[in-house]
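> First to last, the protein sequences are chains A and B.
Per our numbering, the very first residue in the first sequence carries number 420; after that it's consecutive.
Per our numbering, the very first residue in the second sequence carries number 420; after that it's consecutive.
One or more of the hints may lead you astray.
Since the list can't tell identical chains apart, any single copy or any two copies may satisfy a pair.
Calculated lysine to any residue pairs in the SDA-like style (CA-CA distance at most 25 Å, straight line) [as the list claims (entries may be wrong)]:
hint, residue 1, residue 2
1, K802, G653
2, K438, H800
3, K545, E770
4, K892, E633
These are calculated hints, taken from the structure and not from any lab test.
Single-letter residue listing:
Protein chains: 2
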Amino acid sequence: LSRRSRLSFDTVTVDRTLKVRLHRQLYETLRSYILEGRIGAGMSLPATRTLAQHLGVGRNTVVAAYDQLLAEGYVEAQSGSGTRVASRLQSPIHARQENALAHPPGLSHRGELMASQPQPPRSPGKLNFHPGFPERATFPFSTWARLLARNARRRSDDILGYQSFAGYWQLREAIAEYLAVARGVNCGPDQVIVVTGAQAALDLVARLLLDGGETAWLEEPGYLGARSALLGGGAELAALRVHRRGWELGDPDLPPPRLIYVTPSCQWPLGTIMRLDERLQLLAIAERHNAWIIEDDYDGEYRFRGQPVQALRGLDLSQRVIYVGTFGKTLFSSLRIGFLVVPPSRASAFERALSVTGQFAPLLLQATLADFIREGYFAAHLKRMRRLYVRRQTDFIELCRRELSAWMDVSENDAGMQILGWLNPPFDDRAVARAALRYGVDVQPISINYRHDTPRHGLLLGYAGLDDREIVKAVNGLRAAFQSLNPTRAAPATNRRVAPSNKKRMDLS
Amino acid sequence: LSRRSRLSFDTVTVDRTLKVRLHRQLYETLRSYILEGRIGAGMSLPATRTLAQHLGVGRNTVVAAYDQLLAEGYVEAQSGSGTRVASRLQSPIHARQENALAHPPGLSHRGELMASQPQPPRSPGKLNFHPGFPERATFPFSTWARLLARNARRRSDDILGYQSFAGYWQLREAIAEYLAVARGVNCGPDQVIVVTGAQAALDLVARLLLDGGETAWLEEPGYLGARSALLGGGAELAALRVHRRGWELGDPDLPPPRLIYVTPSCQWPLGTIMRLDERLQLLAIAERHNAWIIEDDYDGEYRFRGQPVQALRGLDLSQRVIYVGTFGKTLFSSLRIGFLVVPPSRASAFERALSVTGQFAPLLLQATLADFIREGYFAAHLKRMRRLYVRRQTDFIELCRRELSAWMDVSENDAGMQILGWLNPPFDDRAVARAALRYGVDVQPISINYRHDTPRHGLLLGYAGLDDREIVKAVNGLRAAFQSLNPTRAAPATNRRVAPSNKKRMDLS
């Protein structure tokens with residue numbers, strides 16, 4: 420041992436009062452000495468017996484520390500003569516690294532693009548007026564917990580080991596049966612691909628059906644989540660304009676599409692239902708261009724007059740409509756189970772590609788959901804929710820008209836879990852959303868759904884998840900927010916006369 | 420009503436013995452008549468009273484069917500004179516559609532590429548020798564089920580409504596604490612991004628850190644899942660060759676990287692642990708090129724001599740190492756919870772981009788896992804598994820040497836849940852895997868992990884998940900598979916003399 424190294428080791432100590440075990444303490448001290456260059460490459464460590472005596476510990480403690488340093492390559496064994504710092508190490512290591520760039524590389528252009536269009540964040544602890552959040556008080560959580568625990572105790576291969584990337588077979592069967600009855604979609608279980616929610620489904624189709632630079636038609640205004648997924652996949656977006664009266668399918672400025680994204684059951688955010696003649700025209704356009712259609716049926720279950728309208732997929736004989744569904748709106752949003760219906764001839768490719776993206780839902784939840792559907796709880800819950808939401812929508816609209824009509828105009832919608840409220844000029848919906856947050860209400864501005872055109876301003880109000888007490892608080896919060904932005908205007912109370920002057924604003928066509 | 424339309428309606432009937440409700444039956448019949456062109460555009464439907472009399476049903480039944488057709492756009496109301504088929508419809512619709520292409524469009528080039536490199540599928544019902552599957556018999560499922568049910572009954576916003584896209588905060592805290600103690604990685608909870616497993620993490624980094632055409636170094640042989648994810652992201656791959664003795668970091672043919680993917684704790688598939696001097700050299704290379712490093716620490720918890728080796732991320736002062744971890748190997752593979760550790764300055768961008776890809780794990784499972792870690796069950800389970808696996812590895816190697824040494828050469832490994840068995844020439848590992856399947860054993864050929872070089876043939880044998888009885892059956896199955904491919908060679912029983920002749924084959928350097 421050189422004099423210098425001997426000096427270094429005099430400062431090595433261990434502390435018996437710490438919870439960290441002694442050999443670990445010793446390992447960490449020696450490691451930091453090496454990294455900091457206090458013991459240089461090639462220098463010998465004291466003999467284990469010597470260091471043990473110095474520290475007043477058992478020799479095994481020192482041996483364990485040396486073994487770990489040896490295993491990690493900090494030291495090497497000298498033939499016949501103990502242990503020395505690895506000769507390959509150029510020290511001081513940490514001092515050298517600190518000279519390196521202290522900041523990491525940047526994201527890719529694609530990564531920046533994806534990060535620039537996130538889903539709107541929620542603010543926890545506020546009244547949640549965001550669209551798409553279902554009622555939770557009446558969800559049968561004890562049943563759900565019981566089914567879940569039953570599956571969680573199983574150790575069989577189907578739930579623990581074997582991962583069919585396209586999903587749990589019994590769930591795929593249950594979804595196919597449900598779609599036939601409820602949405603008029605006929606497909607086999609092999610065509611159902613289960614993923615971690617509708618957003619994952621959109622991300623997957625954007626990559627599997629489009630190459631970078633190809634054209635996708637996106638509704639304008641249209642769903643932000645779809646826009647982000649398509650942009651992330653490198654698509655060139657073209658605006659398929661939508662008004663209250665319908666989709667502008669004949670727009671001559673539209674370039675030939677490779678993919679068309681639509682929400683025919685309840686247009687996001689306008690709430691319009693696509694007419695049959697438009698559906699047939701859309702199918703004909705897609706056939707002409709050999710394009711895919713993505714039908715995002717995010718809440719097609721909820722139509723309050725008559726039966727739900729049959730899905731576009733049910734009219735499609737040429738298998739070019741990919742149906743996207745989710746249980747996040749019908750059960751609860753953090754469940755993270757959605758699915759696609761794909762053509763039989765593409766099912767295997769989807770499954771294989773899915774194994775690369777990792778967007779598969781945990782089998783435990785899939786099995787529990789399959790039980791929940793098969794044992795009738797899902798249908799019963801939907802039925803109950805449909806009744807509840809129709810009443811809530813009526814009450815909510817009445818409340819809005821009474822309390823908010825000076826600033827916002829709402830009208831009934833046959834479908835969906837949210838209501839569009841158009842703002843009277845000159846309100847900016849982002850400013851309103853910010854103000855609402857100050858009054859404890861978390862709302863989503865509609866302008867985020869515009870990309871090409873000057874946005875119209877409004878709020879997409881998810882009334883479905885708020886109970887009678889909460890909805891009153893939420894509307895009062897909105898009212899206070901409007902007043903704070905426009906303090907000169909008195910509260911209109913039951914003044915219905917403002918309605919006609921808003922009519923013009925409502926007409927989007 | 421014209422004579423022709425009257426004739427059509429004579430054939431309309433309903434069947435009271437069916438479970439389908441009468442108005443639904445009537446709707447479906449009329450709908451198919453319209454789609455098939457039996458009732459043309461503009462033609463009148465009978466008055467509701469007339470049709471009700473003809474069918475012998477209540478008038479409300481006909482009104483409900485007409486309302487649904489009206490809602491879906493098949494018919495329109497004529498002012499003052501009943502209902503007619505929508506004049507915009509050009510019939511026959513279905514006959515026209517059947518002339519269209521009966522097959523859907525193709526996948527994108529990217530989609531085809533992703534689908535061409537799937538994760539190796541498992542064969543259910545076979546003895547599972549695939550790498551990466553943990554023991555299940557001793558997993559505390561009743562504890563897990565109890566924690567799960569407890570969380571499933573909660574209705575609070577944190578678990579049902581509010582979705583922080585980067586994960587459940589308490590889980591992120593628990594992971595950060597665990598990493599500091601177990602893997603020598605110091606990070607804050609805000610740097611931990613929870614995703615649906617390690618594959619999702621790889622898919623995410625391939626897109627967020629690389630643009631199409633940029634260079635990624637991938638170990639050769641290297642993990643197929645990483646290769647697929649990087650190719651799916653458009654990366655150009657360069658082979659960072661690995662041998663038993665180490666990583667060829669000085670290879671002059673390697674182009675400048677944008678990203679480097681490595682498995683330093685236990686190289687996949689060779690099992691090598693990266694030496695400290697190699698780790699420092701790798702960090703220096705990444706700094707020189709301002710490249711990212713992806714450290715896939717898929718089973719770094721399992722090292723059987725001494726403590727686990729500290730993660731590469733723990734040595735990195737410039738925040739360019741993205742650490743990828745998973746609970747699929749330590750708990751159970753279908754849990755689908757993995758995570759990344761990212762630089763603080765990039766955490767928000769990762770979270771936002773993740774909201775676009777939908778690769779977030781269900782909050783219910785995240786909350787349950789957080790409880791499982793915080794209440795000490797995870798540490799206890801790991802400790803138990805470490806003891807179990809070290810014994811299983813010893814037994815397994817002894818068994819292989821006794822039963823399979825004529826065909827395959829295995830050696831101990833300090834780390835990991837799988838053992839590499841090199842095949843004696845001229846065996847093709849895919850042929851062996853196919854033969855093994857016939858004898859009830861599902862194994863993974865090593866050649867799938869080669870991309871640039873001629874593959875060496877071997878099996879990556881996941882011994883960890885098989886109990887004493889299963890491992891004997893699995894080895895017997897392999898033995899039978901070898902014999903079926905090479906029937907002239909007698910079983911070597913305890914013939915240890917074959918070992919030396921295999922040594923040369925073992926030396927990969």
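> Looking back at the numbered hints, which does the structure fail to meet, lowest number first?
Numbers 1, 4, in rising order.
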